Each structure stands twice: as C-alpha cells, then as structure tokens.
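Residue numbers (the working numbering), protein chains in the order written: chain A, 1 to 499; chain B, 500 to 594.
Please keep in mind that the hints were generated in silico from the structure rather than gathered at the bench. Every value quoted in this text rests on a predicted model; they were computed, and no experiment measured them. Be a bit skeptical, because a hint or two may be false.
[Said to hold, decoys possible] Below, a sample of chain A positions facing chain B; criterion: calculated Cβ distance under 8 Å: (1) Y143; (2) V303; (3) F351; (4) T364; (5) L392; (6) K394.
All C-beta atoms in this analysis are idealised placements derived from N, C-alpha and C, irrespective of residue type, glycine included.
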Amino acid sequence: MSELTELSLKEMQTGLREGQFSSHELVEAALERIAQLEPSLHAFLHVAAEPALKQANEADNAEAQQSATKGYAAPLQGIPVAVKDVLTVEDMPATAGSKILEGFMPPYTATAVKRLQEAGAIVIGKTNMDEFAMGSSTENSAYGVTYNPWDLTRVPGGSSGGSAAAVAARLVPAALGTDTGGSVRQPASFCGVTGLKPTYGRVSRYGLIAFGSSLDCVGVFGRTAEDVAVIFEIMAGHDPRDATSATVEVGSLLIALRSAQGESLHGLRIGVPQEYFIEGMQVEVQEKTRAAITQLEALGAEVHEISLPHTEYALPVYYILAPAEASANLARFDGVRYGPRVEADTLWDVFFKTRGEKFGAEVTRRIMLGTYALSAGYYDAYYGQAQKVRTLIKRDFETAFEKVDLIACPSAPTTAFKIGAHTGDPLAMYLEDVFTLPASLAGVPGISFPVGFDSTDLPIGMQLLAPHFREDVLLGATHAYQQATDWHKRRPLTEDGRP
Amino acid sequence: MPLSLQEVEHIAKLARLKLTNEQKARYREQLEAILDHVAKLQELDTQDVPPTASVSVGQMPLRADESRPGLSTDALLENAPKQADGQFQIPPVFE
C-alpha cells in the first residue's frame with residue numbers, strides 16, 4: 001500500500017471519488033510510512049494515529065451513505081495533512097518547539113486548520129520546528145533536529161523544517177507551515193517541495209502562536225503548485241477573529257491554473273533583481289535559477305532586469321523588527337497560565353526562573369535583542385530607524401511591480417547545509433534568510449519550488465514574488481513551469497530510512 | 500557596538516530572564532556582533548521617510564462590539580501549572 005503515499009493531493013481526491021481506495025487506506029498508508037521513516041527523519045512532534053483512523057472511517061462511512069455518483073462531498077474529505085506545531089489544534093498538544101509550552105493542550109483550533117478540517121481534511125500530526133519559529137534549520141527545536149530526507153546529515157531548513165521534510169519524504173501530501181522571514185520558502189527550497197507564503201493578512205493568524213505579528217503568515221507545502229492551490233484556496237479569506245485578516249476576495253485559483261497551458265505565460269512580465277545574484281552564494285543556485293527563468297521565457301514570459309536597491313538592508317531591518325515584536329509577544333510565557341512553572345518563593349522569581357530555564361538559546365537571544373531595541377534611549381536609533389527602512393524596502397517592491405507582474409530570484413543562497421554548520425554563529429544563520437526577508441517585510445506573497453539539483457543531488461529552489469493578493473499569478477506561473485519540467489517529481493530515496 | 504555586562508544584565512532584567520554568568524558573557528558577545536551588523540541601517544538618510552508599522556492592505560473592519568460566548572473558565576484553567584477556586588494560583592505578592 002506504500003504506493004498510496006506517492007499520490008499527490010489531487011490524485012488522492014480523484015482516487016477517493018472514483019472509489020479506487022478508501023480514506024482508511026490512505027491514512028493507514030501514511031501512518032505506516034511515518035512509522036517506517038520517523039526514526040530517521042524526526043519530522044513530527046506528535047502523531048495522532050488513533051483519531052486520524054477514526055476520522056478516516058467516518059469519512060468513508062459518510063461517503064458510503066451518500067449516492068455513489070456524488071463522491072466525497074467535501075474537497076479534502078478523508079485526506080491526511082500535517083500541521084506545524086505553532087498552530088493550535090484542539091485535542092493535540094501545541095509546543096511551538098519550546099519547553100515553555102511542554103504539555104500545553106490548546107482549547108481551540110486555529111482558523112486555517114479549522115477550515116481544512118471543515119473541508120474534510122484529517123490532521124495526522126504536528127510537525128517539528130525551530131522554537132517559536134525562530135531559526136532557519138529546525139536545529140533550534142527543543143525536541144531535537146529534523147533531518148533532511150535528501151541527505152540525513154543535513155538540515156531541512158526552517159523554521160517549518162518538519163512540514164517540509166514530511167511532504168518531501170511522502171509522509172503526507174501537504175502540510176501547513178508559517179513564514180515570518182522565510183520559514184516556508186527556505187525549507188521548501190532545501191527539501192525540494194513547493195511552498196507558498198501568502199500575502200500578509202491573506203490567511204487568518206487566529207490560533208497561530210505569535211512570533212512577529214506584523215510579519216507572520218500561515219503558508220502551505222505541497223509537491224505541486226496545484227496541490228498548494230487547493231489548500232490555500234480553502235484556508236484563505238477574511239476571519240473576524242484576526243483584526244489584520246484581509247477582506248480581499250480570494251477568487252478561484254483552479255481557474256487560474258487551468259488556463260496555464262502551453263505558451264500560457266505569454267505577456268507575463270518577470271523581473272529579475274540584480275541584488276539577488278551576489279558573491280558568496282552557491283554558483284549552482286545562480287545557474288539553476290537563471291535556467292528556470294529561461295524556461296519561463298520559453299513559456300512566453302518577458303524577462304526584465306530590475307533593481308530592488310534596498311535589498312541589503314532587509315536583514316538588519318528584520319533582525320530589529322522581528323525580535324522587537326517577539327520580545328513583546330513572548331512576554332506572555334511566564335509560568336502562570338500555561339506550560340510548566342519553575343517554582344520559586346516570589347512571583348518575580350517564578351517569571352525569571354521559568355523564562356530563564358524554559359526558553360532555548362535562540363529565543364532568549366532574540367528576546368534580549370528585541371528588548372534592547374525597544375528600550376529607553378535606543379528606540380529611535382534601532383526600532384524607529386528599522387521601521388523607516390522597512391518603508392524603503394516596501395517602496396522598492398511597489399516601484400518594481402509598476403513594471404513587472406512577478407519577480408524571480410533564488411530562494412536561498414545555498415542548498416541544505418550540514419547539521420551543526422552554523423552552531424554558535426547566529427549571524428551566519430541569519431544570512432540564510434537574506435533572499436526571503438525582503439518580501440516578508442513588504443508583506444507580498446512568495447512561492448518556492450524546485451528548479452534543479454546541485455552536484456551532490458540536493459534540491460535547489462527558486463522563488464517567485466508577486467504584488468499583494470496576487471497568489472493566483474504566483475501559482476499559475478509555478479504550475480505552468482511544473483507542466484513543462486519534472487524537477488518537482490523527483491523524490492528523495494528514503495525507503496530504508498537512508499538517503 | 501560595544502555592550503557592557505551591566506547593559507546585558509539590565510536587558511535580561513527588563514525581559515525577565517534569569518541568566519547564568521556564562522550566558523551573560525556569551526549573549527554580550529553575540530549581541531555585539533548582531534548590533535554591529537544592524538548598524539548598517541544608520542547609513543541611510545531617512546529624515547523624510549515615514550515608518551511602516553503594518554503592511555496590511557485595505558480596510559481592517561472592526562467586529563461588532565457585542566458580547567459573544569467564549570471559552571469557559573474551566574477550559575482556560577486546564578493548562579495552568581497551578582490553580583485554585585477557578586483562578587490561576589501564584590506565590591503571594593502581598594503578605
């Protein structure tokens with residue numbers, strides 16, 4: 001039955017509707033594969049095997065009671081998915097990869113997850129991540145690193161490394177992640193899957209354990225743009241529970257994808273920013289990205305060299321603003337309302353000891369950095385200045401999108417690096433996000449998908465960026481590329497748990 | 500950007516973090532390196548640039564200001580490390 005796990009989400013939908021297999025068989029196959037590969041991957045922090053099988057049976061029974069021609073009524077009915085452990089799901093623990101939330105059972109489900117469940121999806125488990133989504137390698141998880149399915153000595157990227165690895169290794173057809181500064185796009189690149197970071201505000205943040213509230217986005221991993229579009233369309237849209245959630249209509253992405261055939265990109269203007277092809281990055285990443293841009297040109301797109309002049313300032317802006325927001329958001333973890341408490345005689349000491357002992361090194365570092373940037377005497381020089389430069393970065397994109405419909409660039413400067421390569425050098429780790437941060441600061445949507453492999457057979461991802469709310473253009477162009485190429489069909493060899 | 504040990508201790512106090520001496524020394528060094536990098540922002544003249552606090556596009560509608568059912572006290576207390584009489588329990592603040 002292992003071939004069931006090879007199916008894409010679209011193929012699962014079709015197979016269920018045509019009665020080729022049941023949801024029970026799908027979920028059982030996924031659970032078997034998880035049991036087989038988890039010891040070498042550690043993509044999950046929690047697997048809900050029994051509840052998932054129960055829901056699968058319910059989906060199959062609901063189907064049996066309906067007329068045979070009707071098919072599985074809800075779009076995701078009976079299909080297993082995974083969710084990053086930073087999103088709450090009722091009856092499942094949510095740790096955000098942190099010891100400070102060990103044992104926390106959230107009393108409500110995140111809107112993005114709830115919408116998938118209402119569409120029939122079965123949440124099979126919660127995936128590993130850098131603690132509070134702070135990191136680019138999943139090494140900052142308090143529960144151990146996730147291993148890259150393409151090479152178990154390497155990181156899967158981060159912070160949504162567990163979700164990216166789970167999709168790459170065919171444990172699930174799709175998984176939710178979150179992207180604050182690149183945490184969907186960079187692991188998608190490292191794991192050879194397709195990952196979408198929507199426009200800021202496009203998907204509700206209700207039930208997302210907050211990191212940087214002006215940056216956090218719920219995104220999705222799949223093997224194809226088509227699968228990603230199915231999930232995105234269901235979870236996107238206004239939610240009254242999130243004041244920053246946008247009211248702009250999502251529209252039918254499937255129509256946008258259907259029209260993407262043949263020379264479908266005719267007339268599409270793609271900008272290539274010179275600032276994303278820099279010294280020090282892996283040469284093969286540049287080459288494969290350029291080759292993919294040529295491929296898009298062959299599909300009818302017009303390619304223009306453009307400039308996003310403030311790109312180099314995105315890293316310093318981000319590493320002021322995101323830690324500043326995090327230092328405020330993480331103030332709520334104090335050993336009083338949830339999570340473990342380190343007992344002490346005074347309330348003051350409960351705060352100090354619980355936070356001192358339960359936050360990991362990177363989270364502590366960012367809280368310190370953010371607290372410093374917001375503290376009296378430094379606010380204007382750091383936080384104030386960073387907010388102004390954020391305006392300049394945003395304007396770079398506005399100017400660019402007057403001339404082009406999409407921007408194409410590498411997702412990350414390198415392919416997946418070795419576990420431990422950046423330990424003890426936080427700045428080197430931060431530099432891994434240099435190509436994903438600008439779009440996060442501007443709030444524009446981005447997608448990463450595989451466009452080739454390096455000499456050691458590690459996947460290389462390319463990023464497309466679009467104006468606010470134009471996920472349809474992103475997904476349409478990615479779909480057209482995937483119709484013409486087969487990089488996204490390559491899979492890591494993990495049958496026996498080894499690369 | 501040099502950072503004194505006293506400054507590190509002050510930040511840790513503001514952030515309610517108990518740090519060991521070894522941690523203080525390490526964070527001091529690492530924060531200095533990061534602050535050196537972010538000093539790059541001072542290169543830019545931003546006198547006439549307004550700050551961006553949010554990248555939300557379009558209107559953010561307010562919900563109706565009316566009471567609605569929410570989570571029960573029991574559900575919210577369930578995760579508390581210590582609770583008593585339907586409340587979170589903490590060490591005494593006033594004797």
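Check each numbered hint against the structure and report the violated ones by number, ascending.
1, 2
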